[in-house]
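Asks: In order, the protein sequence lines correspond to chains A and B. Numbered by the numbering used here, the letters in the first sequence go through residues 12 to 374 in order. Numbered by the numbering used here, the letters in the second sequence go through residues 12 to 374 in order.
Some hints could be false.
Identical copies look the same in the list; a pair holds intra-copy or inter-copy alike.
To be verified - With a straight-line Cα cutoff of 30 Å, these simulated DSSO-like cross-link-like pairs (lysine-lysine) come out:
no.: 1; residue 1: Lys96; residue 2: Lys312
no.: 2; residue 1: Lys312; residue 2: Lys90
no.: 3; residue 1: Lys145; residue 2: Lys300
no.: 4; residue 1: Lys19; residue 2: Lys96
no.: 5; residue 1: Lys241; residue 2: Lys112
Honestly, the hints are just simulated from the structure, not real lab data.
There are 2 protein chains.
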Amino acid sequence: MLKFEVEKTCGRARLGHLHTAHGTVDTPAFMPVGTVGTVKAMMPESVAATGAQILLGNTYHLMLRPGADLVQKMGGLHKFMNWDKAILTDSGGFQVMSLSKLRKITEDGVEFRSHLDGSAHRLTPEISIEIQHKLDSNVTMCLDECPPYPCDRSYLAESTRRSMRWAKRSKDAFIDRDGYGIFGICQGGVHEDLRKESCESLIDIGFDGYAIGGLAVGEGQELMFDTIEKTTPHLPADKPRYLMGVGRPSDIIGSVLRGVDMFDCVMPSRSGRTAQAFTRTGVLNMRNKCHAEDDSPIDPKCSCPACRHYSRAYIRHLFQSKEILGCMLLTWHNIQYYEDLMRDIRQAIREDRLEEFAKGDFV
Amino acid sequence: MLKFEVEKTCGRARLGHLHTAHGTVDTPAFMPVGTVGTVKAMMPESVAATGAQILLGNTYHLMLRPGADLVQKMGGLHKFMNWDKAILTDSGGFQVMSLSKLRKITEDGVEFRSHLDGSAHRLTPEISIEIQHKLDSNVTMCLDECPPYPCDRSYLAESTRRSMRWAKRSKDAFIDRDGYGIFGICQGGVHEDLRKESCESLIDIGFDGYAIGGLAVGEGQELMFDTIEKTTPHLPADKPRYLMGVGRPSDIIGSVLRGVDMFDCVMPSRSGRTAQAFTRTGVLNMRNKCHAEDDSPIDPKCSCPACRHYSRAYIRHLFQSKEILGCMLLTWHNIQYYEDLMRDIRQAIREDRLEEFAKGDFV
Numbered sequence: 012m013l014k015f016e017v018e019k020t021c022g023r024a025r026l027g028h029l030h031t032a033h034g035t036v037d038t039p040a041f042m043p044v045g046t047v048g049t050v051k052a053m054m055p056e057s058v059a060a061t062g063a064q065i066l067l068g069n070t071y072h073l074m075l076r077p078g079a080d081l082v083q084k085m086g087g088l089h090k091f092m093n094w095d096k097a098i099l100t101d102s103g104g105f106q107v108m109s110l111s112k113l114r115k116i117t118e119d120g121v122e123f124r125s126h127l128d129g130s131a132h133r134l135t136p137e138i139s140i141e142i143q144h145k146l147d148s149n150v151t152m153c154l155d156e157c158p159p160y161p162c163d164r165s166y167l168a169e170s171t172r173r174s175m176r177w178a179k180r181s182k183d184a185f186i187d188r189d190g191y192g193i194f195g196i197c198q199g200g201v202h203e204d205l206r207k208e209s210c211e212s213l214i215d216i217g218f219d220g221y222a223i224g225g226l227a228v229g230e231g232q233e234l235m236f237d238t239i240e241k242t243t244p245h246l247p248a249d250k251p252r253y254l255m256g257v258g259r260p261s262d263i264i265g266s267v268l269r270g271v272d273m274f275d276c277v278m279p280s281r282s283g284r285t286a287q288a289f290t291r292t293g294v295l296n297m298r299n300k301c302h303a304e305d306d307s308p309i310d311p312k313c314s315c316p317a318c319r320h321y322s323r324a325y326i327r328h329l330f331q332s333k334e335i336l337g338c339m340l341l342t343w344h345n346i347q348y349y350e351d352l353m354r355d356i357r358q359a360i361r362e363d364r365l366e367e368f369a370k371g372d373f374v
Numbered sequence: 012m013l014k015f016e017v018e019k020t021c022g023r024a025r026l027g028h029l030h031t032a033h034g035t036v037d038t039p040a041f042m043p044v045g046t047v048g049t050v051k052a053m054m055p056e057s058v059a060a061t062g063a064q065i066l067l068g069n070t071y072h073l074m075l076r077p078g079a080d081l082v083q084k085m086g087g088l089h090k091f092m093n094w095d096k097a098i099l100t101d102s103g104g105f106q107v108m109s110l111s112k113l114r115k116i117t118e119d120g121v122e123f124r125s126h127l128d129g130s131a132h133r134l135t136p137e138i139s140i141e142i143q144h145k146l147d148s149n150v151t152m153c154l155d156e157c158p159p160y161p162c163d164r165s166y167l168a169e170s171t172r173r174s175m176r177w178a179k180r181s182k183d184a185f186i187d188r189d190g191y192g193i194f195g196i197c198q199g200g201v202h203e204d205l206r207k208e209s210c211e212s213l214i215d216i217g218f219d220g221y222a223i224g225g226l227a228v229g230e231g232q233e234l235m236f237d238t239i240e241k242t243t244p245h246l247p248a249d250k251p252r253y254l255m256g257v258g259r260p261s262d263i264i265g266s267v268l269r270g271v272d273m274f275d276c277v278m279p280s281r282s283g284r285t286a287q288a289f290t291r292t293g294v295l296n297m298r299n300k301c302h303a304e305d306d307s308p309i310d311p312k313c314s315c316p317a318c319r320h321y322s323r324a325y326i327r328h329l330f331q332s333k334e335i336l337g338c339m340l341l342t343w344h345n346i347q348y349y350e351d352l353m354r355d356i357r358q359a360i361r362e363d364r365l366e367e368f369a370k371g372d373f374v
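Looking at chain A on its own, in the form it has when it is part of the complex (with noise of 0.2 Å):
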C-alpha cells in the first residue's frame, strides 16, 4: 500500500506527496531512468543531489541482466545500484515491443527472444509482478501491451481489453506491503471511449496509482495532450497518476496543467551522452564551433556541477575528444534541468500561477 495525498490544487494540476519505503516523492515528479540498474553516467549520489527522489529501472533489462534472482540475492535493487530513495519499475512488456524480437502474444502472456543473445524468454503478468517483487521495486506496473500507433481500431480494442485482464492478474500477483505499491496502466490509444472503458475497468480492480500507457509513440504533442485530457477526468483524483515515458518539457508542463503527476523519459540522460544540453533558453549542441571558445557556464542559472564549474569550451573539448567526463557532466547538468523544472512546477502550483509559469518557453 502507498500513501498518497494531494496537499493542493491548481486548475487540474496537482501538487501531490506519495510515501513509500523508501522516502517520500514529491509530485508532479520526474524520474530519471536507471535501465540496468545505473543512471548511465552518474554516481546515485549525484542523482540524489539533482534532488530527484525516485528512479525507474527496467524490468526487462534487468530480468536479462544480471537477473532477477541475483538482484534478490544481493538485497534488493536498492542496495544493489546503492540508492536508498524510491524506485518504480515497468513491467517489462513496453521493451519487450521495442527491442526483443520474434515476440508472440497471447492470453498467457508474451514470449520473445534477448536482444542481447537471442535467449527464449516468456512474461506472464504473474512473472513480471514476480520480479518486480524479487527487484524490491517500491511501485510495481502491470503488464500491458503498448501498441504501436497508428493502430487498427479492432486490435486497439482487443489489446486494451486483454491488458486490462492482465492488470487483473498483476494485481492478484501483487504481494501488498506497507510503503510498496502497483499502478494499472490505461490503454486504449487516441480514442476516448477505450481509454474511458479502461480508466474504469482499473479502478474496478483497484491500484495504488494508474498510469497512462501507449502515448508519446508518434500521436504528437496535441493528439497527446487531448487524449491526457479526455483520461484524466476518469482516474481517482486520489491516487498518483503517472504518464509513461514522457517527455520534453514542454510535454511534461502540458501533461501536468492536465492532472498528471509522474513522469519518467531517458531524453535528459540520452541527451547528455550526445552532447545535447537543455537549458532555459533551449537546447544547445555542445559540439557546435559556436561554444569553442566560450568561457561562460551552460546555464548561469543552473547549480550543478558542469555549470558552477566549468565553461562551454571545456565541455565541447571533452566531446570533441571523446572523453566520459564530457557525458558524466552533461548528464548530470540534464537531469538537474529537469529536477529543478519539476520543483518549479511544483513552487508554481503551490503560489496558483502554473498556468503562468507554462506561458514559459520551454522545448
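Once you have looked at the hints, place chain B on chain A.
Replies: Structure of chain B alone, referenced to chain A:
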C-alpha cells in the same frame, strides 16, 4: 622556482615536500594522468578525494586539441579543468614518438603529423616550453627524445647529447617564477656512462628537479632498477627526482628504494576502464564470472566509493552491461589504490621501515 625539502631519508628513499604555486606535493608522489585535461572517467574533486596532490597533463594532446592558446585564454589548465592543485606537463616529445606519424628529428626539434587529422606540427624546445607556459603548468618538462629499446649505442649517445642541448635551450626558454619550475630529463638508455654524462650535463644547466626518462620501454624491471640505481647517485640530493611513465606498484616501490620521488602512469586509470582492479591481494579482472554472485567489495581495506558502497557482483554487472559507471567506479578505485600506496610508502619512510614494507606482495 620550486622549493623542495627532504624531511627524512630511509636508506636511499626520501620523504619530501615539493612546494608549488598550487599547493604542496608530498613525495614520494604518484601523479594520475589527465591526458587532455581530464583524468578519464573521473570528476576532479574525486581525484582530489583520493589524496592526489598533482596531476600530469600531456602537452602533445593539449597542443593538438583544444590548443594551448585556447587553454591560456580560458585562464590556464587549472581553471579550464577545475583542478586547483599542482599540474606537471610533459614536453610532448614522448607522445610524438609513440603516437604521431612521419616524424623527423633534427637539431632544431621534431616535425610530425597529428594522429588525429594528419596535420603538420613542429615541436622545438622553445615551442614546447612556450606551450607549457600557456598551459600554466607548475612543473614544466624539457623537450627530449625518448629513444626506443633496444637502441644502437651510437644513436643513443647522439640522441642523449642532443637531448642535453635541447635541455639547455628549454631552460633558457623557461620563464622562471615563484611556485613554478622546470625539470631536466636524464637519458642514456641502460648505459651507466651515458646516464652519468647526462646527469652532469643537466646539473651544469641547473634545474628545479631531475627526471629519469627512457625507461620502462621494454628493458624489464631488473634492468630498469639497475639503471635507476646507477643514475640517482649522480643527481643532486636536494632536488626531486621523477621517473617518467612508471609504473606498476612493485616498480614504484623498487624505485622509491633507489631514491625516486615522483611517478606518473596511465595504468590505474586505463585498467579501470578495462575492468582490471588493483587490490592488496593482486589484480582482479572484474569481468570474471567468479565475481557474478559475490556480494563482497573489491577490496575491504579500500576507502573508495566503489568499495564502500558496491559489491563485486554489481561492478561486474556494470562491465558486462558496458555501463560508464563501471569505468567511473573502477578508475576511482585504482587511483585510490595508487594514492593509498604512496601514503603507505611515505609512512613507512617516516617510520624507518620501508625495506620491510617493500617485502609485501605487490604486483
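Asks: Taking the hints in turn, state whether each one holds.
Replies: Now the hints, each set against the structure:
For a Cα distance limit of 30 Å, the shortest separation of Lys96 from Lys312 qualifies both inside one copy, at 27 Å, and across copies, at 27 Å. Taking identical chains as interchangeable, the C-alpha atoms of Lys312 and Lys90 lie at most 30 Å apart only when they sit on different chains, with a minimum of 20 Å there against 34 Å within one chain. Proximity of Lys145 to Lys300 under the C-alpha cut-off of 30 Å is restricted to the inter-copy arrangement: shortest distance 22 Å between copies versus 48 Å within a copy. Taking identical chains as interchangeable, the C-alpha atoms of Lys19 and Lys96 lie at most 30 Å apart only when both belong to the same chain, with a minimum of 24 Å there against 49 Å between chains.
In this assembly of identical chains, the alpha carbons of Lys241 and Lys112 never lie at most 30 Å apart, being 34 Å within a copy and 65 Å across copies at closest.
The structure is inconsistent with hint 5 alone, although it conforms to all the rest.
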